[in-house]
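Colleague: Chains as they are written, first to last, in the working numbering: chain A, 4 to 407; chain B, 2 to 127.
Please keep in mind that the hints were generated in silico from the structure rather than gathered at the bench. Please note: incorrect hints may appear among the correct ones.
To be verified - Taking lysine-lysine pairs in the DSS-like style, the calculated list, with each CA pair at most 30 Å apart, reads:
| no. | chain 1 | residue 1 | chain 2 | residue 2 |
| --- | --- | --- | --- | --- |
| 1 | A | K216 | B | K81 |
| 2 | A | K370 | B | K16 |
| 3 | A | K314 | B | K84 |
| 4 | B | K35 | A | K314 |
| 5 | A | K315 | B | K97 |
| 6 | A | K216 | B | K83 |
| 7 | B | K81 | A | K315 |
| 8 | A | K67 | A | K374 |
| 9 | B | K84 | A | K81 |
| 10 | A | K374 | B | K84 |
| 11 | B | K97 | A | K81 |
| 12 | A | K314 | B | K97 |
| 13 | A | K370 | A | K216 |
| 14 | A | K67 | B | K84 |
| 15 | A | K315 | B | K35 |
| 16 | B | K35 | A | K67 |
| 17 | B | K16 | A | K314 |
| 18 | A | K216 | B | K84 |
| 19 | A | K81 | B | K83 |
| 20 | A | K81 | B | K81 |
| 21 | A | K370 | A | K67 |
As the list claims (entries may be wrong) - Footprint (simulated), chain B over chain A, 3 or more residues, beta carbon under 8 Å:
| no. | segment |
| --- | --- |
| 22 | 58–72 |
| 23 | 107–113 |
| 24 | 130–139 |
| 25 | 144–152 |
| 26 | 301–312 |
These figures come from a predicted structure and were not determined experimentally. Note that CB positions come from ideal geometry on N, CA and C, so glycine has one too.
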Amino acid sequence: MKNVLKVALGVLTGIGGFLDVGAIATSAEAGAVFGPRLLWVVAFGTLCIIFLVEMAGRLAAVSKHTLADALRERFGWKYFVIPFSCEVVVDLLVLAAEIGGVCLALQFVTGISYRWFAIPVALLLWLLIWLGSFAFVEDATSILGLVTLAFVVGAIKMRPDWHSVAAGFVPSAPAHDGPHYWYIALSIIGAIISPYLIYFYSSGAVEDGWSVKELRVNRVVATIGMGFGSVVAMGVMICAATTLLPAGIGMDDYAQAPLMLSRALGMWGFYLFAAALGVACFGACIEITLELAYLNAQTFGWNWGENVAPKKNARFAAIYTGAVLVAACITIVAGDPLKLTLFTMALTVTVLPLLLLPMIMLMNDRKFLGKHRNGWISNTMGVVIVVTVIVLAIFAIPLQILGG
Amino acid sequence: MDLLLDVLDQQLIDKHGRKSGKVDGIAIELREGKPPRVAYLDMGTDVLARRLSPRLERWLQRWRARIGREVVPFQVPWSKVKKVHLTVDADIDAVKEPGYHIERWLAEHVIGPIPGSQISHEDKQR
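Working from the sequences, and respecting the hints, build out all of it.
Modeller: Right under this line is the structure:
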């Protein structure tokens with residue numbers, strides 16, 4: 004029974020963690036421009052993140068090391084400083100984008116410019132982390148995350164052409180607008196394979212005190228949780244494909260984005276869209292903010308833990324407090340939240356190989372994992388993932404210039 | 002035991018079980034006519050900077066001197082190291098070590114004064 008509960012919570016966390024401003028924006032953009040043709044990219048990205056999250060959880064459960072701990076220990080400070088610094092910069096930008104997503108949702112409902120909401124949203128975010136326990140923070144975002152299922156309902160109610168939806172799962176090259184197609188494909192991968200999600204998951208497994216006994220739970224949670232999140236992202240793409248594409252509305256005009264649900268669900272759809280966007284982004288905000296503090300604490304060996312009183316791990320608390328402030332300022336200064344989102348997703352892809360290549364090597368290390376090392380399935384997938392992200396990282400900048 | 006694999010960049014734990022930094026460096030003592038031995042674990046940002054480039058370390062020290070901060074090195078004598086397995090456990094009290102001053106300063110001046118800074122949820126482990 005306890006395991007069932009764990010799985011249920013993990014699945015909910017998956018929905019909450021998977022779906023963020025990046026996944027919503029890139030899926031919506033893809034649907035608005037290319038219909039359901041990029042569904043295969045979501046499916047492929049999901050397969051990758053399922054494997055990566057499972058590995059991060061397994062590493063934590065078996066070795067009691069978080070990913071950051073293990074990477075620094077195995078590859079040394081001189082190497083780890085590179086992915087670490089990149090991650091801090093990328094995370095601050097992604098956090099700014101997520102705060103922007105929450106603010107945008109509030110703008111839809113109130114009509115007041117998103118900039119005014121950045122500081123209040125940041126304060127609420129900080130307050131939750133400051134006062135809440137890890138379990139509270141995790142459960143609250145998970146349960147609220149269920150509202151994002153509105154995208155699946157919306158997608159079904161729009162009665163899409165299921166043949167073209169099915170065809171979207173077959174990888175294909177576009178007849179026109181190649182660079183833009185591949186740029187969106189790359190952004191989708193960047194949005195789905197979020198390094199923050201991987202670091203956060205491994206820290207969470209240690210916070211929850213996982214051991215070898217949790218390995219099966221870990222596998223189920225990774226698969227079903229990420230799978231569910233993926234279904235919602237696909238729902239977003241189909242909603243956009245059936246509403247924005249026929250109306251000729253691109254995502255540049257994001258004020259029209261609520262149309263994605265209001266066409267199917269009326270006025271309720273409008274509010275559900277705002278709620279889903281706001282909640283998904285806010286959940287992601289919490290995860291990224293905590294992850295920034297985890298990452299710094301684990302890199303430098305400070306005391307850490309969301310359950311410990313802030314005064315008892317002051318550096319940990321100072322990092323998340325500072326991160327929220329800095330990110331809120333970036334949200335205000337950067338302008339257009341959507342552009343910021345797409346940009347940060349491409350940036351994520353550029354730095355992904357620095358994390359994933361050593362991570363796959365680590366998963367084969369006897370010292371950390373003993374007999375729970377990667378088997379041939381995980382390693383095959385690992386090679387596919389690493390090769391893919393290296394190719395994507397090389398093309399990220401040129402594609403951004405050509406297609407962004 | 003392999004110093005580079007099992008000790009360097011490992012989590013240091015003090016006698017109260019507190020995470021007390023990572024083993025940023027290892028100092029080896031060369032002795033005439035005898036095999037070299039580990040003298041102490043060398044901790045702190047200076048060591049981290051040195052490992053990236055000696056120039057970065059000098060730059061860091063000059064900058065520190067300019068703002069008038071004295072650096073007391075945080076060194077853990079090898080004789081205090083009790084156990085090396087998954088973590089490096091040493092018979093020290095981290096709170097009394099020089100590496101702790103930033104934590105203490107933040108706790109007293111920045112984090113501590115904010116209402117709610119004492120609320121703990123450590124009993125709520127799932």
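Colleague: Does each hint hold? Answer for all of them.
Modeller: Each hint tested on the structure:
1. For the suggested pair K216/A and K81/B, the alpha carbons sit about 34 Å apart, so the restraint of at most 30 Å is broken.
2. In summary, the hint linking K370/A to K16/B is supported, as the alpha carbons are separated by about 25 Å, within the 30 Å threshold.
3. Restraint check: the Cα-Cα separation between K314/A and K84/B comes to about 29 Å, which is no more than 30 Å; the hinted pair holds.
4. Between the alpha carbons of K35/B and K314/A the distance comes to roughly 48 Å, so the proposed pair goes past 30 Å and is violated.
5. With a CA separation close to 15 Å, the supplied pair K315/A and K97/B stays within the 30 Å bound.
6. Distance restraint check for K216/A and K83/B: the Cα-Cα separation of roughly 29 Å lies within the 30 Å cut-off, and the hinted pair is therefore satisfied.
7. Between K81/B and K315/A, the direct Cα distance comes to roughly 25 Å. Compliance with the 30 Å bound is thereby established for this hinted pair.
8. Distance check on the hinted pair: K67/A and K374/A sit about 15 Å apart at the alpha-carbon level, within 30 Å; holds.
9. Straight-line distance between C-alpha atoms of K84/B and K81/A comes to about 25 Å, which keeps the hinted pair within the 30 Å bound.
10. Between K374/A and K84/B, the direct Cα distance comes to roughly 24 Å. Compliance with the 30 Å bound is thereby established for this hinted pair.
11. The hinted pair formed by K97/B and K81/A meets the criterion: a straight-line CA distance of about 28 Å does not exceed 30 Å.
12. For the proposed pair K314/A and K97/B, the alpha carbon gap of about 17 Å is at most 30 Å, so the pair holds.
13. Proposed proximity of K370/A and K216/A is supported: the alpha carbons are some 19 Å apart, at most 30 Å.
14. Proposed proximity of K67/A and K84/B is supported: the alpha carbons are some 17 Å apart, at most 30 Å.
15. With a C-alpha separation of about 45 Å, the suggested pair K315/A and K35/B falls outside the 30 Å cut-off, and the hint is violated.
16. As the CA atoms of K35/B and K67/A are separated by approximately 38 Å, the hinted pair breaks the 30 Å bound.
17. For the proposed pair K16/B and K314/A, the alpha carbon gap of about 20 Å is at most 30 Å, so the pair holds.
18. The suggested pairing of K216/A with K84/B holds, with an alpha-carbon distance near 26 Å, which does not exceed 30 Å.
19. Restraint check for K81/A and K83/B: satisfied, since their Cα atoms lie roughly 26 Å apart, inside the 30 Å limit.
20. Of the supplied pair hints, the one linking K81/A and K81/B holds, its CA atoms being roughly 26 Å apart against a limit of 30 Å.
21. The suggested pairing of K370/A with K67/A holds, with an alpha-carbon distance near 12 Å, which does not exceed 30 Å.
22. Proximity of the segment 58–72 of chain A to chain B, defined as three or more residues with a beta carbon under 8 Å from a beta carbon of that chain, is established by the 4 residues found.
23. A count of 0 residues in the segment 107–113 of chain A with a Cβ less than 8 Å from any Cβ of chain B is obtained; the coverage claim is therefore unmet, three being the minimum.
24. Coverage of the segment 130–139 of chain A by chain B holds. Counting CB-CB distances below 8 Å, 7 residues qualify, and the rule asks for three or more.
25. Only when three residues or more bring their CB closer than 8 Å to a CB of chain B does the claim for the segment 144–152 of chain A stand; here the count is 0, and the claim is violated.
26. Coverage of the segment 301–312 of chain A by chain B holds [criterion: at least 3 residues with CB-CB distance below 8 Å; count 11].
Of the numbered hints listed earlier, those contradicted by the structure are 1, 4, 15, 16, 23 and 25.
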